[in-house]
Each structure stands twice: as structure tokens, then as C-alpha cells.
Amino acid sequence: MQFVQNFPFMTIILSLFSGPLSSILDGKKAKRVNLAVMSLITVMSCAVLVFVINSGSAYVYTMGHFPAPWGNEIRVGVLEAFMAVFFCVIMLLCVIGGVYEREQELEDTKQNLYYVMVNLLLSSLLALIYTNDLFTAYVFVEINTISACGLIMIRQNGRTLEAATRYMIMSLMGSGLLLLGICFLYDLTGHLLMSNIREQVQLLHQAGEYNIPLLVSLALISVGLAIKSALFPFHAWLPDAYGYSTLSSAAILSSLVSKGYIFLLVKIFFRVIGFGIVRDSKVVNVLFVFGVAGMIMGSVNAIRENNIRRMIAYSSVAQIGYIYMGFGLGTTAGVIASLYHVLSHAATKSLLFVAASGITDASGDHTEFLELTGAGYRNKLAGVAFTVGSLSMVGVPMFSGFISKLLFAQAGMESMHKMLPTLIALAISTILNAVYFMKTVIRIYTPVPAKVLQKKEYRCISMKEQPCKSTALVFFIILNMLLGLSSEPVIGLLRSGLAMFA
Amino acid sequence: MNIANLFTNYEEAIAMILFGIGFSNLLLQRNLIKKIIGLNIMDTAMYLFLALKGYVDGHKAPIVTNGVQSVDAYINPIPSGLVLTGIVVSVSVTALMLSLTIRLYRRYHTLDLDEISTKLKKEGL
Chain A
3 MQFVQNFPFM
13 TIILSLFSGP
23 LSSILDGKKA
33 KRVNLAVMSL
43 ITVMSCAVLV
53 FVINSGSAYV
63 YTMGHFPAPW
73 GNEIRVGVLE
83 AFMAVFFCVI
93 MLLCVIGGVY
103 EREQELEDTK
113 QNLYYVMVNL
123 LLSSLLALIY
133 TNDLFTAYVF
143 VEINTISACG
153 LIMIRQNGRT
163 LEAATRYMIM
173 SLMGSGLLLL
183 GICFLYDLTG
193 HLLMSNIREQ
203 VQLLHQAGEY
213 NIPLLVSLAL
223 ISVGLAIKSA
233 LFPFHAWLPD
243 AYGYSTLSSA
253 AILSSLVSKG
263 YIFLLVKIFF
273 RVIGFGIVRD
283 SKVVNVLFVF
293 GVAGMIMGSV
303 NAIRENNIRR
313 MIAYSSVAQI
323 GYIYMGFGLG
333 TTAGVIASLY
343 HVLSHAATKS
353 LLFVAASGIT
363 DASGDHTEFL
373 ELTGAGYRNK
383 LAGVAFTVGS
393 LSMVGVPMFS
403 GFISKLLFAQ
413 AGMESMHKML
423 PTLIALAIST
433 ILNAVYFMKT
443 VIRIYTPVPA
453 KVLQKKEYRC
463 ISMKEQPCKS
473 TALVFFIILN
483 MLLGLSSEPV
493 IGLLRSGLAM
503 FA
Chain B
177 MNIANLFTNY
187 EEAIAMILFG
197 IGFSNLLLQR
207 NLIKKIIGLN
217 IMDTAMYLFL
227 ALKGYVDGHK
237 APIVTNGVQS
247 VDAYINPIPS
257 GLVLTGIVVS
267 VSVTALMLSL
277 TIRLYRRYHT
287 LDLDEISTKL
297 KKEGL
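Just so you know, the sequences run in chain order A and B. To convert, note that position 320 of the first sequence is 322 in this note's numbering; the numbers rise steadily by one, no gaps. To convert, note that position 122 of the second sequence is 298 in this note's numbering; the numbers rise steadily by one, no gaps.
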């Protein structure tokens, strides 16, 4: 056992313990500790990724050295390590990008509490990524929910409180169903470790026994996690939660929290049930239908929205729809497309939130469309960044969104019955995306007469005025372009990682 | 597949009915406190189900007494451990929901979530 192999466990514990540490520090120190810990975790995750790529196979880390059926395990493959690195980077950038807003919007006594939530969220995300034990996954799902709720409600106004309550209610229903599904699986197989459950499930499937309970538990787990990641009919809490919470929270929630659950669902599909059984059950078709509905309805709602942040939030509903549509295709190519879209959406949506806040800063903190006229000239970097994000969401070549749309289309071509619905849904959704994103881009680049400019509280913002936000935006743009221009290595990583899952 | 199975496994059936009651309360009630009660019924139903899964007729609680180490003497301890973990989770979640409810009540003087939404719209924030 090499020292690097301890890192996944260490990263989880580090961020879990730096949370309580932040709670006794004051705001400034807590921020420094938080940034240091997150950078350290990013570096450690990179080391793990390099190690796993070099060794070419996944390894299992037994907690407390108890052997397989009894002990708790961490399992690290290429996909897990890559996701961990990616999530850490996005989280770091989101936290950096929203420093100014946080200091403005939160009370002084609560500054340090924000970092407690961020650290807990990061540790639960890492644990969800790495764990090999279903019940541990459930516990960390709950920690994830609680800290996400804290991130929403830490900026106190009526909207966020209501959104946090709705979020909690939805999430609790989701986790109730998830727990029920896990209990059924435990009841059927007698194991909690993913690899052991998988062996037993294969045996049961071959013997043709307990087919209905297996199907029920699969359905419960899928629906539970779908509710938690805000798949279309369960998205009522989402616009308020993303639209009125503080900037970093909105960016983190949209790009990471729902993605953690989606990654857990992929793990359950591949490592617990086995994708062949999932495909043979009709659960994927249900996910497909709701995914397609979400793609269309999310965009329609976004078009009708007049508030730029709520518009971006509704666009998230559409993107989650894309991801579930990819699962619904029931092919490995579809899952790879979904995983790529997880990356691309995480990089783009956080970019859009940060850029939108830059734009509203230049428009006297108004978020309505008419007030944003010409904001792209007043805050140049934010304008460019918003344009990049919009183009990526619409799916213009060079940006990450294009690659994921291409992958979805290719995956759709492989399946006989779902080819037509997939392609039609992709086409309609692309047009709808273009309608609302291009509308915004045109709006922020429409010049305003000088007379009007002076009357309103508009001001120009240079890059130097908001150094943190500018840094975050530049990195987000680079990340987006990287994903868009050199997608092959990333797709290769996803593919090999998914192969290691089996 | 017959109804008789439901009666032999009546404990599980009761757990599932309780789960349904709790779930629909959490989903459908408009009063926040009733929602939280629903949440607790749902969680408790899960613990009942888990505890049933670990129970073996005639066996004792898994605490070694008088040096008896035979597997046949004790029930399966793992589900009991899961129940304990689940209780911890459910306590913290309930506390969070209650604190949210208190905040909302102080601000809007009502426990009805729909009424809170209409008041929010009037506020026009």
C-alpha cells in the first residue's frame, strides 16, 4: 500500500474537520483556512488521479482493516478520482467568485458559518464519490442535504427561508424513498457493500427470484435520487433557491449538489445493480420520459422568466433533464454523454451565475431584463463570460456544451426506439435554449444612450475592481474552452473509469 | 403471490402502510408542523422495517452474556446499528426543519406554506 492511496480518506476527513474548526474562527481566518484546505484537497485529489491512471486499475481501501463483508470501504477508480478533482476545482472557483457578495449580504457573525457549510458539503460530496457502502452513501446524502439547506438559508430573507423549506421537504421525501430502496436491497441480499450486493443481485437475477422486489428497490432508489437532483416535476423549489441565495451558494448548488446525487445514481446503476439489469427493467424508460419533459419544460419556463438569475435557474432544470435523458437511453454511450454533461453543466452554470452577478453589479443590482441593457459594455469581462456561457449552453462548437450535445446525439443514434425522440428533443431544446440565452446576450450588448446612462445608477466595472470575481471568471472560461476543445482525453477518462466500475 | 403472504408478514405490511401515511403527510399537508410529524412517521416506519429484518425469533439482543458466543443465541446486530444511525440523521433533520419553521412563523405568523407563498408574492421581493 502506497501513501497516496490514503489520500481519498484523508481528503474526506480533512474537510469534515476543518468545518468545526471554521466555526470557532472569525470570518477572515475561516476564509483563509477554507481556501487552504480546499486547495490542499484539490492537490491531493490530483495526486490520487495520477496514481490511479498510472496503476490502470481501481483499488479498494478498507477502513479500519476489517475485511470485505463486515468493514466499510472506499473504492477509487479513474472516474471517482477525476470527479473529485473536478468538483474540488469548481467548488474552489465558486467560493472565490462570490467573496464580495458574501461579505455584503451575510451578517458579520455568520461569515465563518458559511465555510462550515462549504466544508461539510465538500466532504459529503467526496464521500458520495468514493464510498463503497450504500448506507454510508445514505448518511452522506443527508449531510449533503443539510449543508445545502444551510447554504440557501444563510442569506436571510423570506424568499430563501421559503425556498429552503421547500427544498428540505422535497429532499426528505427523496431520501425517504432512497432509504427504503436501500433497505429493500439489504433485505434481499444481506449486504451493504456495493460489490457484495452486486454479486448477490446477479445470482438472484440468474435464478429469476425476487424480480419484483428488485425492480421496486431499483425504482425507489432512482425516483428518490431523481427527486433530490430536481428532475422536472420535482423542481418547484429550485428557482427560488438559486435565484435569491447568495452568489456562491447558487453556483455551488446548481453545479455540484445535484451532481453528487447523479453520480451516486450512476454508481448504483453500475456497481450495485449492474447496468444490464437496469436496462432490462423499464425504469430507464421512465427516466427518459421525465428527462425529455424536463428539457422542454425547463426551457419554456426560462423563456417566460424576467429575472436573469431565475432564468439561469430554470435552465438548470432543462440541463438536469438532458442528464436523465442520457441515462434513459440505456446504453453506455448515453451514460458517458450524461457524465460529460455533468462536467460541462457544472463548468458552465457556475460561470453563468458568476457572470450574471457581474452584469447585475453594473446595472445597479437590478436583475430584470430591461435594466440590463448595455451591461456588457459596462462590465466587459462579465459580458464576455456570459456570452461564453450562453454559447456553451446553446451548443456552439468550441465550447463544452457542443460536445455534450454531440455525444447525446451519437448515443441516441445507437438505440432503435429512442433515436427519434432524442433527436427531436435535442433540436427543440437547442432552439429554446438559443431563444432565451441569445435574447439575454443581445440585451446586454444593446447600447444605451448616454442620457439614460447618467440618469440611472449604472456604473462601469473594470477587472481590477473585482479581482476575485474576475479570476474566477477567467478560470471558468478557460475550463469551458478546455472541455470544449480537447474533449477526447476527458471522454477517454470517463470511458475507462466507467469500464472500471463493472 | 397471494394475500396470505401479507398476513404472515403482517409486520412488514404495517411498516409499509406507516411509510405511506408518513410520506403522504409530508407531501400533502399544508401545515408545516404536520409535515414534520409526517416525516417522523415515515422515518419510524423505516426503523420498524429494519428492526424486523434483523430480528430472529427467540434470539436475544446482541450483547455477549455469560460467554455465550454462538450465532444462534443472538439477533442480527447490523440492522440495529443502521436504525441507530438513521435515528441520528432523522433527529438532525427534524431539528433543522423545526428551526426553519420557527423562522418562517416569526416572519409571517402562519404555518401554512401556501399562505407564506402568497404573502411572499405580495412582498414582491
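One should not assume that every hint holds.
As the list claims (entries may be wrong) - Calculated cross-link-like contacts (lysine-lysine; reagent style BS3-like; alpha-carbon spacing at most 30 Å): (1) Lys295/B x Lys112/A; (2) Lys229/B x Lys284/A; (3) Lys30/A x Lys112/A; (4) Lys382/A x Lys466/A; (5) Lys297/B x Lys210/B; (6) Lys112/A x Lys298/B; (7) Lys441/A x Lys298/B; (8) Lys112/A x Lys297/B; (9) Lys210/B x Lys441/A.
Please keep in mind that the hints were generated in silico from the structure rather than gathered at the bench.
Taking the hints in turn, this is what the structure says about them:
no. : hint                : verdict
1   : Lys295/B x Lys112/A : holds (27 Å)
2   : Lys229/B x Lys284/A : holds (28 Å)
3   : Lys30/A x Lys112/A  : holds (11 Å)
4   : Lys382/A x Lys466/A : holds (12 Å)
5   : Lys297/B x Lys210/B : holds (24 Å)
6   : Lys112/A x Lys298/B : holds (28 Å)
7   : Lys441/A x Lys298/B : holds (29 Å)
8   : Lys112/A x Lys297/B : holds (27 Å)
9   : Lys210/B x Lys441/A : violated (44 Å)
Taken one by one, the earlier hints fail for this structure only at number 9.
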